[in-house]
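Colleague: Could you build all of it, start to finish, from the sequences and the hints given here?
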Amino acid sequence: MDKRRWMGVLFLLAVISFFSLEPVQEWVDLPDEALYTASDERSAQGGYTTELPLVQAMDDKLKYFSTAAEEDAVVISAGPIPVKTIETKEVPAIDVVPGGESIGIRAGEQGVFVVGYHDEDDTASAAKQAGVKPGDRLVKINDESIHGISSIQRLIDRSSGSNDVTLTLKRDEETIEKEVDLSSGGKLGIYVRESSAGVGTMTFFEPETGKYGALGHVVADAATKQPLNVHNGKIVRSVVEDIDKGSSGHPGEKRASMGMGKNELGSITKNNAFGIFGKLNDDHSLKDEETMPIAFPDQVSTGEAKMLTVVEGEEVEAFDIEVKKILTQDHPATKGMVIEVTDERLLEKTGGIIQGMSGSPIIQNDRLIGAVTHVFVNDAASGYAGHIEWMLKEADILTEEGLEEAG
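Residues 1 to 407, numbered by the UniProt record's numbering, are exactly what the sequence shown covers, in order.
Bear in mind the hints are in silico, worked out from the structure with no lab data behind them. Check each hint, because a few of them may be wrong.
Said to hold, decoys possible - In silico EDC-like pairs for lysine to aspartate or glutamate, Cα to Cα no more than 20 Å straight-line:
(1) Lys187 - Asp119
(2) Lys279 - Glu206
(3) Lys128 - Glu179
(4) Lys211 - Glu264
(5) Lys279 - Glu289
(6) Lys324 - Asp343
(7) Lys128 - Asp181
(8) Lys140 - Glu174
(9) Lys140 - Glu177
(10) Lys287 - Glu206
(11) Lys270 - Asp282
(12) Lys325 - Asp298
(13) Lys325 - Glu304
(14) Lys140 - Asp172
(15) Lys287 - Asp95
(16) Lys306 - Asp366
(17) Lys279 - Glu264
(18) Lys245 - Glu314
Modeller: Put into structure tokens, the structure is as follows:
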């Protein structure tokens with residue numbers, strides 16, 4: 001290898017080594033924009049401070065200060081050298097009640113849903129060929145209403161004198177009909193299920209409006225992996241009756257029962273990657289405790305924190321966790337922090353993070369910073385959490401209109 005090529009390799013290694021240094025990575029990870037409330041202090045001694053031996057600063061620290069010329073920005077400086085400008089925007093103070101309660105989730109539409117196809121003897125599903133899709137709700141067969149899975153075969157048998165049946169389906173908000181040819185075997189060739197429900201954790205609610213956020217991730221159909229249609233869905237009180245302890249390769253779960261009638265807490269209007277959102281009933285039975293300010297992503301730090309959740313009955317308890325890493329996010333995403341359960345009692349009881357804990361609020365420095373979203377399959381004590389800012393936006397508590405007015 002000639003000298004020039006060696007020099008190129010050495011230069012590339014030097015660049016890689018430079019950007020691998022923790023202080024440089026922290027500098028690269030600084031956000032382009034930061035939100036703050038009127039009560040937050042943007043002082044010259046706060047915020048981003050890290051060892052930076054590569055830049056000779058007055059006190060060997062990388063720290064920020066805001067200049068009078070840039071009231072809507074923070075200038076990150078290493079000594080006298082400005083290295084980055086972060087745009088800042090003041091927003092109204094946001095205070096919500098942190099949750100932690102176990103809740104039951106009932107899909108909005110009740111009925112029988114298509115979850116897959118059954119092909120037999122290399123013959124494609126008759127319903128699939130007719131255009132029936134997973135997620136469709138079966139409403140009628142030959143204009144006769146379907147009442148549960150058990151009624152489907154009975155209604156098909158009634159049409160034994162014909163090779164075709166007419167399926168009335170509900171797809172999203174549209175009612176459609178499909179003609180299915182049964183001449184090849186007399187079967188629809190579909191897998192179905194009745195409307196399902198699940199268990200999760202309440203993250204927060206706003207007392208004045210009743211708006212809430214919960215779960216921290218999408219409610220999906222177990223068979224199709226598609227988001228469930230939650231139109232007219234409900235959340236209800238839930239009682240944790242038992243724990244299936246998690247371990248490496250086994251996520252574990254809360255085993256809970258769900259209430260009916262007066263146990264209804266509110267409606268579900270939105271189901272997406274960040275959780276479920278909606279409005280609580282005026283007479284909901286959640287504890288209306290004191291509100292708590294929220295923290296934006298740049299106000300979260302690694303270190304000790306608390307997770308609120310239920311592991312027995314309906315009692316919300318606080319457990320010790322540690323924020324191990326904060327992930328840089330230019331856009332909303334569900335994996336904003338890496339967390340680890342450090343509470344010995346919780347580890348003994350559950351093994352760490354288990355199914356049903358999704359949405360459990362995380363508190364740090366008396367602020368709501370985020371919610372549990374995922375568990376690591378091979379490490380039940382660790383998982384991901386999402387920043388609370390994104391859930392607040394999905395709940396229409398932190399709105400773009402409000403940000404524009406504040407700006």
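Colleague: Each of the hints needs a verdict: does it hold here or not?
Modeller: Now for the hints, and whether the structure bears them out:
This hinted pair checks out: Lys187 and Asp119 have alpha carbons roughly 10 Å apart, not beyond 20 Å. Restraint check for Lys279 and Glu206: the C-alpha separation of about 9 Å stays at or below 20 Å, so the hint holds. With a CA separation close to 11 Å, the supplied pair Lys128 and Glu179 stays within the 20 Å bound. Distance hint between Lys211 and Glu264 is fulfilled; the C-alpha atoms sit about 15 Å from each other, no more than 20 Å.
Distance hint between Lys279 and Glu289 is fulfilled; the C-alpha atoms sit about 17 Å from each other, no more than 20 Å. Of the supplied pair hints, the one linking Lys324 and Asp343 holds, its CA atoms being roughly 14 Å apart against a limit of 20 Å. The straight-line distance between the Cα atoms of Lys128 and Asp181 is roughly 10 Å, inside the 20 Å bound, and the hint therefore holds. For the given pair, Lys140 sits about 14 Å from Glu174 by alpha-carbon distance, which is consistent with the 20 Å threshold.
About 9 Å separates the Cα atoms of Lys140 and Glu177, which keeps this hinted pair within 20 Å; it holds. Distance hint between Lys287 and Glu206 is fulfilled; the C-alpha atoms sit about 12 Å from each other, no more than 20 Å. Taking the CA atoms of Lys270 and Asp282, the gap is about 19 Å. The hint holds against a cut of 20 Å. At most 20 Å may separate the alpha-carbon atoms for a hinted pair to count; Lys325 and Asp298 meet this at roughly 13 Å.
Proximity of Lys325 to Glu304 is assessed by CA-CA distance (about 12 Å); at most 20 Å being required, the pair is judged to hold. Between Lys140 and Asp172 the CA atoms are separated by roughly 16 Å; this keeps the pair inside 20 Å, and the hint holds. The suggested pairing of Lys287 with Asp95 holds, with an alpha-carbon distance near 16 Å, which does not exceed 20 Å. Between Lys306 and Asp366 the CA atoms are separated by roughly 10 Å; this keeps the pair inside 20 Å, and the hint holds.
Restraint check: the Cα-Cα separation between Lys279 and Glu264 comes to about 12 Å, which is no more than 20 Å; the hinted pair holds. Taking the CA atoms of Lys245 and Glu314, the gap is near 18 Å; set against the 20 Å cutoff, the hint holds.
Against the hints set out earlier in the document, no violation occurs for any number.
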